[in-house]
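Visitor: Sequence:
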Amino acid sequence: MNERIRNLHENRIFSLLVWLIAIFAAIVMLPNTSTLVQEYGQPQLANNSQPMVASAIQSKWGRNVSNTYNVTAVFNNPSGKLTSKQLAAVDKTMERLAGKESTYGIKDVRTMETNPTAKDQFLSKDGSTEIVKLAVSKNQGSMNLIAKQLDSQIVTTGLNTYVTSPEIINSAASEKISSATTIATVIVFILSLLIIGIVFKSLIAPVISTLSLLMMYAVSLSLINNLASRTSFPYSEYTPLLILLLTVVYGLIGHFYLYRGFKSQLVAGVDRQAAVKNSIRSIRTYMVATGLTLAVIFGGFYLFKFSTLRAMSGLAIVALVTMIGVITISPIFLSLLGDRFFWPAVDGQAKEYGAWNKLAKFGLWQPAIAIVVVAYFVGMFAYSFRDNLNFSAIDTLSTTQNAVAGNKVVAAHFGAGETTPVTIYLQSKDRLDNERALLQIDNLTTKLQTMNGVSSVTSLTQPNGEPISEYYVTNQLNNLNLQLKGATDQLTTIKSDLNSDRSELNAVKLQKEADKISKLASKTSQLSSDTDTVHNQVTQIAGRASVTQRSNASKLVRRYQRLLSLINTQLQTVASNMEVLSSEVSSSQSSAESTQSTVSSYASQLKVIQTSLKKSTTSLTGLISSYTNIYNYLSALQASDAAKVYYITPEQLTSSAFQQSLSTNSSADYKSTAITVYLKQSANSHDTSKTVAHLQSEVNTQLQGTALKNAKVAFTGQPVVQSTIKQSFHHYIGWIAVLVAGIMFIVLAALSRSVLQPLYWLLTYGISVIASFQIGELINRFISGNADFNWQVPLIVMVPVITFGVTQLVELSLDYRHNEAPLLDWLLPGITASGQSFRHRLFGIIVVCLGLLAVNFAPLTQAGLIIIAAVIVFNIVLPIIAAAVGKLTVTLPQHTRKHKETTDKD
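Counting with the working numbering, you get residues 883 to 1788 for the letters of the sequence shown.
By construction, these hints were calculated from the structure, which means they are not laboratory data.
A quick note: this is a predicted structure, and the numbers were derived from the prediction, not measured.
Positions of the beta carbon are idealized from the N, C-alpha and C atoms, including for glycine.
Do not take every clue at face value.
What the hints assert, rightly or not - Just the calculated beta-carbon pair ranges, DEER-fashion:
#, residue 1, residue 2, range
1, Asn1346, Pro1532, 30 to 38 angstroms
2, His1612, Ile1065, 45 to 53 angstroms
3, Ala907, Asp1221, 32 to 40 angstroms
4, Thr1064, Asn1582, 16 to 24 angstroms
5, Thr1531, Asn930, 39 to 47 angstroms
6, Pro1711, Gly1667, 42 to 50 angstroms
7, Leu1174, Phe1267, 50 to 58 angstroms
8, Gly1236, Pro913, 28 to 36 angstroms
9, Leu899, Leu1085, 22 to 30 angstroms
10, Phe896, Asn930, 50 to 58 angstroms
11, Val910, Gly962, 54 to 62 angstroms
12, His1576, Gly1236, 56 to 64 angstroms
13, Leu1174, Asn914, 27 to 35 angstroms
14, Lys1083, Lys1030, 17 to 25 angstroms
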């Protein structure tokens, strides 16, 4: 029994059983990768980031649109302006869709029919395109499902129809990435099969290698997918691809060293069991050193508080699984097959290759010249490197994709920023449906409309992006002026009537004039009240006039308030006199008819009445003059900046038009409102992030010292999301370089027991990588005409480049450590020995990158070009710099010491 167990152990059957159990469990428990990419692949922003704060406000919005996606349905007539028949067809389509709101999770529909004050938002200026804005429940399903459902429902005869939104485009991009990853996986594994087959000229070795890589990949993918689905472990769109690249690149390098060592043992006549043990022993230190280094580097990404970067920390698991897999899976088959493993290859020693030998000789020949040459050619590319990263998902998709095509149609007919507006949420502790808060919202809206890069702004006070004249003091002053003009004309008429009545009094006419003056007195009371309103508005003018101007305007208004009060009192006095006069005339007439004895009394009384009338006429003359002065002043005030102030009356607050704006642009409790800013440029423009930053600064500045100074402000929208991602990525990219360089330097210094040499190698590595980005950009521009890279391209590039750098520099460090000869004696043979694997390593990396290029997906193509450039440049520059700098570190101190000794002798 013990003998059988020993035989099973020697033949590594237990290792095979363990891996079979692992692969079975991995396959059975593997969550759906495409679903994970859709659900968790998008960058997860921090809870305190602006888009997340805005999302929290919107989730409590109420009005049946909380927790919804904003989707745009596009109806376009490619032949020109939409006809009345086509417009009616669009309305009919939307009526049909409205009948299925519950089926498709539609919570709100906004059209130009339901929002007449905002018609320009729904119908393009050329009249060829109409859009309808839908709010769709997030519980309806994935964005791809929502898009497919709505696409089929909005089809309208004679029109091109599209359904688009940033979320749909992002979801389509995730689906495209998932599909591209699947294709890349198949191609890369096929190419890995060919690589081992070509290198070892064998039919069995590549099959075993590829089978091993598939097992490592499946186990790694299952572990990370389960972490993401069962815990809060971060996940990104490219996680499956990064797992693939690390597994294949690192696994191929490990298999190459293992198979090469096993073959050399067999050629030397060693027993197959011993050959397996010896080959494992020969690479154990190397695999452990590289595996742990890669695990620490990628594990360190968990320190970065950005989900896409943190998701790369899962690659630490991949590095460990691959490290273990290389030294445990293939040896099972090596032990079983022996020399048949390389069938039908012919036994023999591997050929030596002298590429690094020649490059090292050049560095040793003239170190200074070699360094200058490398610095000129490679350093030039590194120095000219520019950040051309694009943070938009739309560029990764084909223009034939429905959502992308719809986006481009809207951009062409409404403006580049129409489909990706910036939404600014204001949340206050108090209600916002009052004159004081609305004034500040309108001031902010008007201010944002004047900013560079802003096309239009819609808000609660300007739902169509244009001021509503009825809600401004200048318009209200115009009504006051009309009233004043009418009052002045009436007073002039009354004055003329009184003059004519002084000689011939008529009781009936006097009563009518008394009634007129009473009405005038009431109007002056209303004028006084309206002037109070004007005064309040003038004193609240912010940013439209200087402090001195506001003070002078307020003084003038108060002065005319006092004058109106005086005039009101005079008119009331005149009205009272007229009443008395009318009564006295009537009484006198009655007395005259009843008795002749009262004639003298009547004449005396008439004289008193005429005197009173004369005084009243004089008062009216003064009133007319005063009213004329008030009219002239208010006319001048109406034309000034002081009158360009938002003021909505209580009657206007309850109007149907304003209530529609409230329903659209405010929350159910009226304590939150949304301001929508449409930019002139699309979200993927390089200038958009600057515009967003300017918007944020301007809003904070504008609200200071106002009634909304304590309101919570949050920004969202695709430009804000992309700007947030850009800031996070740029914030951490420098720390990524520090992390990678720091860990690699510590490992290389520990392995080589040197400080200067690993430092030089690492600098060479860094310069080569930076230069490769510029070279890749030039090649990409030549091929596609586009110099921009998707922002995740550097992350894709990192995995094979870091893996390649670690495996190559660790090998050089180990060789340097085991060398007992002086540095100058080691440089040429040591570098030459490390370069023996250069051809195969380079061949393997380039073939894997060709697999990325074969997918014909822009980010993978860009990444492949950069990786190829980095590997080639690094393998040309490293032997030159390592030899040149190594020689200088010895010769320069010797030259300095000899020069000093000569000087001392002299």
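Visitor: All hints are to be evaluated individually against the structure, with a verdict given for each.
Guide: Right, here's what the structure says about each hint:
1. Asn1346 with Pro1532: 30 to 38 angstroms: violated (23 angstroms)
2. His1612 with Ile1065: 45 to 53 angstroms: For Ile1065 against His1612, whose Cβ atoms are near 31 angstroms apart, the range 45 to 53 angstroms is violated.
3. Ala907 with Asp1221: 32 to 40 angstroms: Check passed, 34 angstroms falls within 32 to 40 angstroms.
4. Thr1064 with Asn1582: 16 to 24 angstroms: violated (46 angstroms)
5. Thr1531 with Asn930: 39 to 47 angstroms: Cβ of Thr1531 to Cβ of Asn930: about 40 angstroms, so the range 39 to 47 angstroms holds.
6. Pro1711 with Gly1667: 42 to 50 angstroms: Holds: the Cβ-Cβ distance is about 47 angstroms, inside 42 to 50 angstroms.
7. Leu1174 with Phe1267: 50 to 58 angstroms: Given range 50 to 58 angstroms: violated, Cβ gap about 31 angstroms.
8. Gly1236 with Pro913: 28 to 36 angstroms: The hint (28 to 36 angstroms, Cβ to Cβ) is violated, given that Gly1236 and Pro913 are roughly 50 angstroms apart.
9. Leu899 with Leu1085: 22 to 30 angstroms: holds (26 angstroms)
10. Phe896 with Asn930: 50 to 58 angstroms: Holds, since Phe896 and Asn930 (Cβ atoms, about 51 angstroms apart) stay within the stated range.
11. Val910 with Gly962: 54 to 62 angstroms: Holds: the Cβ-Cβ distance is about 59 angstroms, inside 54 to 62 angstroms.
12. His1576 with Gly1236: 56 to 64 angstroms: holds (59 angstroms)
13. Leu1174 with Asn914: 27 to 35 angstroms: holds (32 angstroms)
14. Lys1083 with Lys1030: 17 to 25 angstroms: Roughly 50 angstroms apart at Cβ, these two residues miss the hinted range, so it is violated.
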